[in-house]
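Colleague: Take a look at the letters that make up each chain.
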Amino acid sequence: MTCDEIKERLIDFLYRELPAQEHTAFEAHVAGCDACRREVESLGGTLTTARTAVRSTLDDPPPAGVRVAVLEAARAAVGPAPMAARMPVKPAAVATKGSFWDFLRRPWVLPSFAAVSMIAVFVFARSVILHPEEARQIAAPAAESEVATKDNEAVPEAKGERDPELSSRLEKERGGVKVASPRPAIVVSPRRPPAAFAPSDSYERLPPREMQTGPAANAGRASAPHKAAAKPAEEPPPPERKGEARRVAAEKPDKASTREFDQPLEKTAPSRYATPPPPLAPASPAAAPAARPPAPEPAMAKPAPAPQGAADEEAPRQTTAKRAMREQSPLEELSQRAERAFAAQRWAEAAAAFRELIRLHPDNALVASWKGRQRASETALASSQKAKAGPPVRASDRAAPAEASSKK
Amino acid sequence: MNDEALMALYQKGDLGAFAELVARHEKRLWHFLQRFVHEQATAEDLLQEVFLRMIKSAPEWQPTAKVSTWLYTIARNLCTDHARRAVFRAAASLDGGGQEDSGARPLMDRIPAEGAGAESAVIGREIAARIDTAVAALPLEQREVFLMREVMDMPFAEIAAAVGASEPTVKSRMRYALERLRTALEELRDTAASAGAERAGQTS
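Chains as they are written, first to last, in my numbering: chain A, 1 to 408; chain B, 1 to 204.
No wet-lab data here; the hints were simulated from the structure.
These numbers come from a predicted model, not from an experiment.
Output of the computed footprint for chain B on chain A, the stretches with three or more beta carbons under 8 Å from beta carbons of chain B:
| id | region |
| --- | --- |
| 1 | 9-23 |
| 2 | 69-78 |
Computed beta-carbon distance windows for the label pairs:
| id | chain 1 | residue 1 | chain 2 | residue 2 | range |
| --- | --- | --- | --- | --- | --- |
| 3 | B | D45 | A | D34 | 43 to 53 Å |
| 4 | A | R16 | B | T183 | 18 to 28 Å |
| 5 | A | T57 | B | E167 | 21 to 31 Å |
| 6 | B | R24 | A | R75 | 12 to 22 Å |
| 7 | A | V68 | B | T64 | 30 to 40 Å |
| 8 | B | R199 | A | K7 | 37 to 47 Å |
From the three backbone atoms N, C-alpha and C, an ideal C-beta is built for every residue, glycine too.
Isolated chain B, as found in the complex (with noise of 0.2 Å):
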């Protein structure tokens, strides 16, 4: 039974139909949230409150809009005006564009492999905390198309129609969202090099 079906069971006061839409969202809604928001606490209490609000607007709910973009959609409008709220801003925005990366090597030489040793992991778990941050850190036009689409797995239409801008905006905001993490993760790499330079020194 497809997400429309469960809601219109749930419209006539089926609360199985309801259960069931949450656990099909809500993994996918909370790790939105907390790599939205950044903070466990804010998260969950938005994680809530998206679920309250799809409680609230059930009854005016049309068979004909998809449940899911209507629920992270949800999920984004509550994100953005928490972010908007937020006095703390991590990062300015690039929408302007990033800058070439003159000295690009190829992918595979950038990123260490995982599971080629314990120094691999560490910094692979590093990479995935780099991420993280670097996500918290994308400007929040940028944040939410790149959350929306890697997250969610919104298709790039449904992505432009819930944030109200056109599907090649969207399409350039998750470029500029793209160069900001591997500028990111480029900062890693060189740092992670750098240490292994160090600790080669300190043997040899």
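Next up, chain A with everything else stripped away, as it sits in the complex (with noise of 0.2 Å):
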């Protein structure tokens, strides 16, 4: 090997990575050749005093900003949807340990809501609007016991006593805020079945003074006109408009659950949800007190006294909940005695019941399958009758047809 050869493989000698052979040959040149050994030594030297300079700081970590930032960039990049399809995902670990957020993040959780909710909107508006006697059933229950547990306060604003003094302060309470708004405000009692609201500013619709009845209210008037007024108004409005509904429901029973949401104001516009309104207050004066009763407000589940004016109203709501109860009976009566002789065969009995359902309840849901039923009725009849008058049939064949006759 020549020292030109030594210098062309001085570095795969000084990095191990000569063949055994050549590196053999190698070996025996430098330790015959003076300058060949030297330049060895040097650059061996130099390499290692260089590669322990270089390495000596290697453990030294980068500045920690450039991961934080690197990792950023690989999370944004990746996405959320690369990720998520990779990570696996465990059911059961997921139904245990998963928020309650992440249940609201499921697919299948919205779309489940959305249909329950149009099933429940559909079966109260079928309810509502396609069974107005039902609804009739629970408006006036509903009026009834909110009458039994209702405040014995002389309110004026369920009076209709708006003193200009306390209609100021009111409007200057709710922050200038105009009473009268186009829609009003929905209160619910804590006590009052669902389908009971009332608009808050229901008193803008009040009778005037001159129609309050009853010894509290006049005695409340008569003590202390101003205060008396004025101090029952600071307290929650809610036993005024607890009145308020009562009333509705008392007088329009039949309309009082589904109309009371969009009670219109008299100086306000009606809602665009609104049926026709019907008319709360008279038109005038001297025609309120034949037009409907005075105003419940002294006080009907105070024990005593009893105000005359409770009294006279307590009547007219139990007369009307009654009578909605006798209007409600003959149609689940006579439905009821349908069934029973559909049940046990009474084909004649069945089919007149559902033909007498029809008649009377053309517009009720169930008319389909009233006529369906009855229509059965009367082929199961006719079929009865021909088995009659054919060839003899066993007794056991006529009994149903024969009963059901006979019961007739």
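Mind assembling these two chains? They're in different frames, but the hints should get you there.
Modeller: In structure tokens:
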């Protein structure tokens, strides 16, 4: 191996990358050549020193901010979709560890809620719109129970006592907002069934002071006209609103449950949801007493002294509710009778009952069902009559129709 | 798990695999870049850029490619681009070859031993600093070969592939780099020897 060859292979020798045979030859040459030996020792020493120097700080970490920024960039580049697709989803773990928000984020939750909500709205609307008699049944007892539990405080607002001082203060307390809004706020009484709501601004349409009757109201006004009017008004308004709602329910038991939400104020335009409102307040004070009973305010729940006005009002309410019950019962009775006859295969009786149901309640949602059963009953009746007229049949076959006809 | 398996996982979106790759290579890349550009802030920017390019190019990465080589090649390309744009170049290219040091002495005589006293420690730190300066002053072709081999521990064959040169050329550049560093160390030793002689004269 020559000195030039040693120079060419010096790096391979220092990095021990020479084949064994060449390595041996290299060492043999260097051992006999001082110049090459010095060169090898010199560069080998330099390599060792330089390597030590550059690797001495190799364990020092780079600035931490770089890794943070880089990992953030990687996270952004990967995006949520691939990560979600990659992450193994264990149903059990999700079920036990998932938060409420994880539950909401599941793909089937919102459609399910939407479907259930639609069904609920449909059922509600069907019961209220298509079965107004059921709504009457609900509204009348609700009104009665509300009357029974009513606070007996004399609320001037509820009696229509809108003195100017109180009105201005109320407006001030409500932040200067005009009380009569196009769509009144809905206030829910905690003791009230869901169907009984009342607009918060109902005193706007209360009858004037002249309409109020009853000793309590008169006494309240006589003792302290302005103080007595202002003090209860500072309290939360629910009594007054409840009273209004009760009056609505009592006066119009068949419409209260559906229209209370949208009772328009006298001074405002009717809501777009509202059906034409029943006249809550009489057009003129003179016609008011004849048009409807007096305001219910003087405390139905307080046992004594029972105000005359309240007693006068109670009677029509109960009457209305009972009337609603009576109106309801023939339909139910007839329906039950028809069903019983149908179930007992008393075809003639069932057909007649269903026919009567259809005639009396042509708009009922069950008419289609009734018609089907009526047809089935008539068909069964016809076939049984044919069997009677035809060849002799066994007594057992005729038993049911015969029984049905005998009972009829 | 090797780098390639981690990279395959990262291609599927595994950020943990990416974090592991970063942890494995950031130190070597950091020191490579630091010594290459010899500027802390620039090295930091370049390190971040290496990984950002890795993120960007990850979808195109093929499992047949070695991750470390791919990554270090990205770093080397960034460095060379940066160096070529730089106005200042510390030293002229020595690709023509270094001069034979006729007065070379045995290595152990020339390099002070580490831990041989306070003076030796100072010289040791000076040596390290001198090496840093000398490496930074190496011509680009020699510097990248030296750092890829000594800092990144890449075989010459991979270095050759990364820099686009033949393996013998790479080894020649390595030898020129060592000769350049040797010269720098000799200058440092001469300086240290003269300083020691001055101190000896003052004490006597």
